[in-house]
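Engineer: Next come the chains, spelled out residue by residue.
Protein chains: 2
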Amino acid sequence: MNISPLQKERAKYEPKLPESLKGAVKVIEGERTESVADQKEVSELFPNTYGMPIITFEKGDSRSAKEPLNVGVILSGGQAPGGHNVISGIFDGIKKVNPESKLYGFLGGPAGLIDHKYRELTAEIVDEYRNTGGFDIIGSGRGKLEEESQFDKVLEIAKELNLNALIIIGGDDSNTNASVLAEYYLSKNAGVQVIGCPKTIDGDLKNEMIEASFGFDTATKVYSELIGNIQRDANSAKKYWHFIKLMGRSASHIGLECALKTQPNIAIISEEVADKQQTLEDIVDYVADIIIKRSENGDDFGVALIPEGLIEFIPEMKILISELNDLLAEGTKTEKEFKMLRKSQRLNWVSGRLTSESAKVFNSLPEGIATQLTLDRDPHGNVQVSLIETEKLLGEMVTEKLKGLKKKKKFSGKFSTQYHFFGYEGRCAAPSNFDADYCYSLGYTASVLVSEGKTGYMSSVRNLTKSADKWIAGGVPVTMMLNMERRHGDMKPVIQKALVKLDGAPFKYFVSQRDKWALSTNYVYPGPIQYFGPSEVCDPPTETLKYEQS
Amino acid sequence: MNISPLQKERAKYEPKLPESLKGAVKVIEGERTESVADQKEVSELFPNTYGMPIITFEKGDSRSAKEPLNVGVILSGGQAPGGHNVISGIFDGIKKVNPESKLYGFLGGPAGLIDHKYRELTAEIVDEYRNTGGFDIIGSGRGKLEEESQFDKVLEIAKELNLNALIIIGGDDSNTNASVLAEYYLSKNAGVQVIGCPKTIDGDLKNEMIEASFGFDTATKVYSELIGNIQRDANSAKKYWHFIKLMGRSASHIGLECALKTQPNIAIISEEVADKQQTLEDIVDYVADIIIKRSENGDDFGVALIPEGLIEFIPEMKILISELNDLLAEGTKTEKEFKMLRKSQRLNWVSGRLTSESAKVFNSLPEGIATQLTLDRDPHGNVQVSLIETEKLLGEMVTEKLKGLKKKKKFSGKFSTQYHFFGYEGRCAAPSNFDADYCYSLGYTASVLVSEGKTGYMSSVRNLTKSADKWIAGGVPVTMMLNMERRHGDMKPVIQKALVKLDGAPFKYFVSQRDKWALSTNYVYPGPIQYFGPSEVCDPPTETLKYEQS
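Line order of the protein sequences matches chains A and B. Numbering follows the working numbering, in which position 314 of the first sequence is assigned residue number 348; successive positions increment by one, without gaps. Numbering follows the working numbering, in which position 453 of the second sequence is assigned residue number 487; successive positions increment by one, without gaps.
The hints are simulated quantities; they were obtained by calculation from the structure and are not laboratory data. Warning: the hint list may mix true and false statements.
Which copy? The list can't say, so a pair holds if one copy fits it or any two copies do.
Here are the simulated BS3-like pairs of lysine-lysine, each with C-alpha atoms no more than 27 angstroms apart in a straight line [as the list claims (entries may be wrong)]:
(1) 426 - 373
(2) 50 - 535
(3) 440 - 535
(4) 394 - 377
Chain A with its partners taken away, still in its complex shape:
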C-alpha cells in the first residue's frame, strides 16, 4: 500500500487516554437511572436493562489476570472520522485484559453480523489503521438490526465464535437497536453483552452523559477550513455571494459550529426557523436584507451557511412535502398517473392536486427545485430531503427577490452566486487529535465495560474540554436516553435526537454576534487541521463544547 507522508508520520501518534484507564480500573456505580421520558412504557419494554446505574471508572489497584475476551464489532451508518481509533482502543483494551483476547470485525455494518461475514482483526491489521480516517477497515452499512429473527441469526455466529460481547459503533438509531438487542439477549440468557459507541458527524447524539458524538470535531474542522478559504476568496475578489450547504441531517449543529469557527455573514439555524414558524419568504427576506445592507456599504459579496435539513423545518414546506409524499407514494393511482405524464406537464398537474396553501408554496419555488421535490424518492416513497439543493433554492429565490427590488430602485448593487455543498469531504478525514484521543478512549472504555460484564451500556467519556488525562470514562445505560416516538405508525422506544438548543450557550453566543458578522466583514480563517505543532492549534475541542461547558 502506497501511503502518504502524513499517514506515515501520523501512524506514530499515540492517542491520549484518561488517567483512570491507564492502569487497573475501579468501577464506581451510581444511583438507579430513569429514562428521559415515558418511564412507564420504557421500563416495561426493558425489564432487564431498565434503571441500571451510571458507571464511572476510577484508577484502581492492580488488575487481576482475566480470561481472554472475544469481541465482535461493527461500524454502522455514515462514516465519521475516528472509527478506526475506536477499534484500536477496543483492541488494545481487550489485549490488555489478556493477550489471548480476540477481536472480530463484521463487514459492511449490521448486514455483516446477520450474514456472518467477518474477519479477525489482528495486530497487523489494526496497526495499519491507527489514526486514519474512514471506515474501510471493515466497511460500514445502513442495514438495520431490529428484528428478533435477525437477533437470533446474530446469536448463531456469536456462539460459533464464542463472543463475550458485541460492540456497535453507530448513531442514535444503531444505539437504540443495540439497547433492544442487549435486552433481548439478557431475556434469553444468551450470554452475549452488547455495548454501544456514540458516532455521528451530525452531532445529534448527545445529552448530559454523552457530551459529543465522535467525528463531529474533525468534520466541522474540515468544513470550517473550506468555509474560511472561501471567505478569504470572497473578501479578495469581492464579487460573489457563496451559498454553502452543510451536511448534518435534521439538526443544525454542524452549521452552528462552523459559524462559531468562521463568523460568516449568514448562518441559518433550522431549529430557530421552526421555533419562529418562519416561512420560506421570511428566510429569503432575511438573506436579501443582509445582501442589500452589505451592498450599501460597498460589499457586494458574502458567505451564507445553509443546513442540509432546513426545508423540513419550514412549517409550510413540511406540509407541502407531506402532501407530495401522499400524492406520489409508490403504487398509488396518482403516482402512476404522474409517471405517465410528459415532463412538461408534471408540475402543473402536481400543483392542481395540492391544497391551495401548498400549491402557492409549490408554485413559488424555482422550477428545478419543484421538479426535484417530485422526483428523488426513497424506497418508502418519501422525498429525499438531503438531495434537495437547498442552497440553490435560497440563492435563486433571493436572486428573483433582488431583481424585483432593482426594478423598484430599492437595490442597486451586483449579486452573483456560487454554490457549494460540503459533506463527503469531511466524513472520512483523518481524525483530529481530539477525535483520535476521544475515539481511542471510547473504544478502550467499551473494552472495560465488556470485561466488567456490562450490557446495554453506551461507552461514555466526559469532561471533554479538559485535557485528556482528566476526562471521565464510564458507561451510561442506553435505556436512560430513550423515549417513545412514533415511527412508521407505531410507538417505538428511541434515543431522543438532540437538536440545537435555542436556550443553549452556543446558540445564544451566535445570536449575540450575528448582526455584527452580517454587516461588517469579521471572517475567521481556521485553516486545515494540524496534527503537529503548538497545542493551541492542534488540540482545541469544538466551540460548541467550549460554550456548553464554560
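We have chain A; now place chain B onto it with these hints.
Structural biologist: Chain B only, in chain A's frame:
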C-alpha cells in the same frame, strides 16, 4: 480582527530565501535571448526589450548604500495562495535597500492603477498578512491593462508617487501586458520599470525558466486533501462513484497533479483527449468500461477527476460551441429570435440551426447541459465553458450508457453518483511552506531586479525541488516567452500557455500507472497541508516538479 490560532502561530513563520539573496547580491548576465517563436515579429514589436539576457543572482560582496526605492504593486486576476508573501518579499527587499523605501499597493487589480486607487503598505499592514492566503491586502481584479491611454494614465500616478517601478503579480495575460508596458515606458523614456511575477493556481504559466507559477502547490494540496477524503469515503461506503471537477481553465495540470497525489480510478487529461481526437462518446465509453470492470470485481464505487476545461478539447464539442457562439452572438438576428422563444421550444430551435454533425452532438447531451450551453454567455457572447457542469455531463451520459448495457445484460452492477467541483476551496488557502518560501523569494527577487534597474523581466526562482537555500534566483526577459497568437481577430504577442506535455515525465508516469489505479483500489490519502512537524510532511514540492526534475 479575530484571528484563528493557526493564523496566530503561522504569522511567526519566517520564509526561507535562496542563499544568493541573504546578503549582498551579484548580478550575472547571460547570453542574448530569443523569443520562443516568431522571433522577427516579436523583436519588431519590442525594439527596446527584445533579446535582453537572462539574469542570475549570486552571493555578492558588501552592498553599497542606495537611494530609497518607491514601488507600486498590483495583484491581477484570480486569487492564488501566496500573493501576500510576494508582497512581503518585495517589502522586505526594498526596505533592505534603504529603510526609506516605500511600497504602494494599488487596489482591485489593474483598475486601481488606472484609477489611481492605492494605499501605502506600511510594516504594520504587511505584517498582518505574512503567510496568509487570499489577495485581500489590496484586492485583485480582472481588469486589463492593454491600451496606451491606460499606460499614460498609470504613468501619471507613477510620476506623482515618484515610483521607480511597478510590479505586476499575475498570470500569462497580465505578464504579457507587463512586457508591453515595459516596452512602452522604455520607448518613452518614462523612467518607470516594470517587473512581473508568475501567479496562477492553474499551473499553465511555466517554461524552462519559470518552473512553476505560485499557488499551484497549495491549491493542489487542498484539492488532494479533499479528493483523498472522498476516496476514503468511497472505499468505506462502497456505494458511490464520485465525479469531481477541478478548476484549472484550459490546462489539466491541476487534474494531473491531484491524480499523481491521490491515485484515483479515473483522471481525464484534456490535452490527451485533444491529441487522440477523442469524441464525447469515446470518453463516456472509457469511463463506463472502468465502472463495469470494477463492478465485476465487486467494487461498485470509485472516483473520477474531470478537468474544468475538458469540453473545449473534445474536437466535436469545440465545433459545436463555436457554432453556438455564432448562432447566439449578442445582437444578432438569431439571438433575438432565440430569446423570444418559450423555454420548451429553444433546444429544438437551436438543434435545427446547427450543422448536422453538431446537431447530433447537441441532441446527445443531457437536457440540462444542452440548456447551459445556450445560456451563461460572457460579455462577448461566448459560452462560459467554466460554468458548464462537465462532471454532471459525464456522469449523466455514463448513467444512460450503463442503463442501456443493463438491458442488454452486459452490466449487472449498481451505479450511483455524487458530484463535486473544487476551485474556490483552494485559491485562498494559507500558502504551504513551499508556496510561502517560493512567493517570498519571488517578491524579494523582484525587489532586487528593481534595485538593479531592470525592466521587462519576470521574477524567476528555479531549482525548486532542492531546498530553498539552493534555489536559483534571477530574472527572465518576458519577451523570451512570447509568440504571436490570434486574439479577437488580430495577431498579438502573448506568453505561450503551457499545457500538459504528453511526452513529459509527469504524464508518462501517470499513463504507466493508471490502468492499475483504475481497477485495483490504490488510493493515497494525502491529508491536509501541515505547517509544523516533519519536513517530509510539510515541505515537499509538487509531484509534477519532482517528475519533471528527476
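Engineer: Decide, hint by hint, whether the structure agrees.
Structural biologist: Status of the hints after comparison with the structure:
no.	hint	in the structure
1	426 - 373	both (26 angstroms within a copy, 24 angstroms between copies)
2	50 - 535	neither (31 angstroms within a copy, 48 angstroms between copies)
3	440 - 535	neither (38 angstroms within a copy, 49 angstroms between copies)
4	394 - 377	both (20 angstroms within a copy, 22 angstroms between copies)
Going down the numbered hints, you'll see the structure goes against 2, 3, while the others check out.
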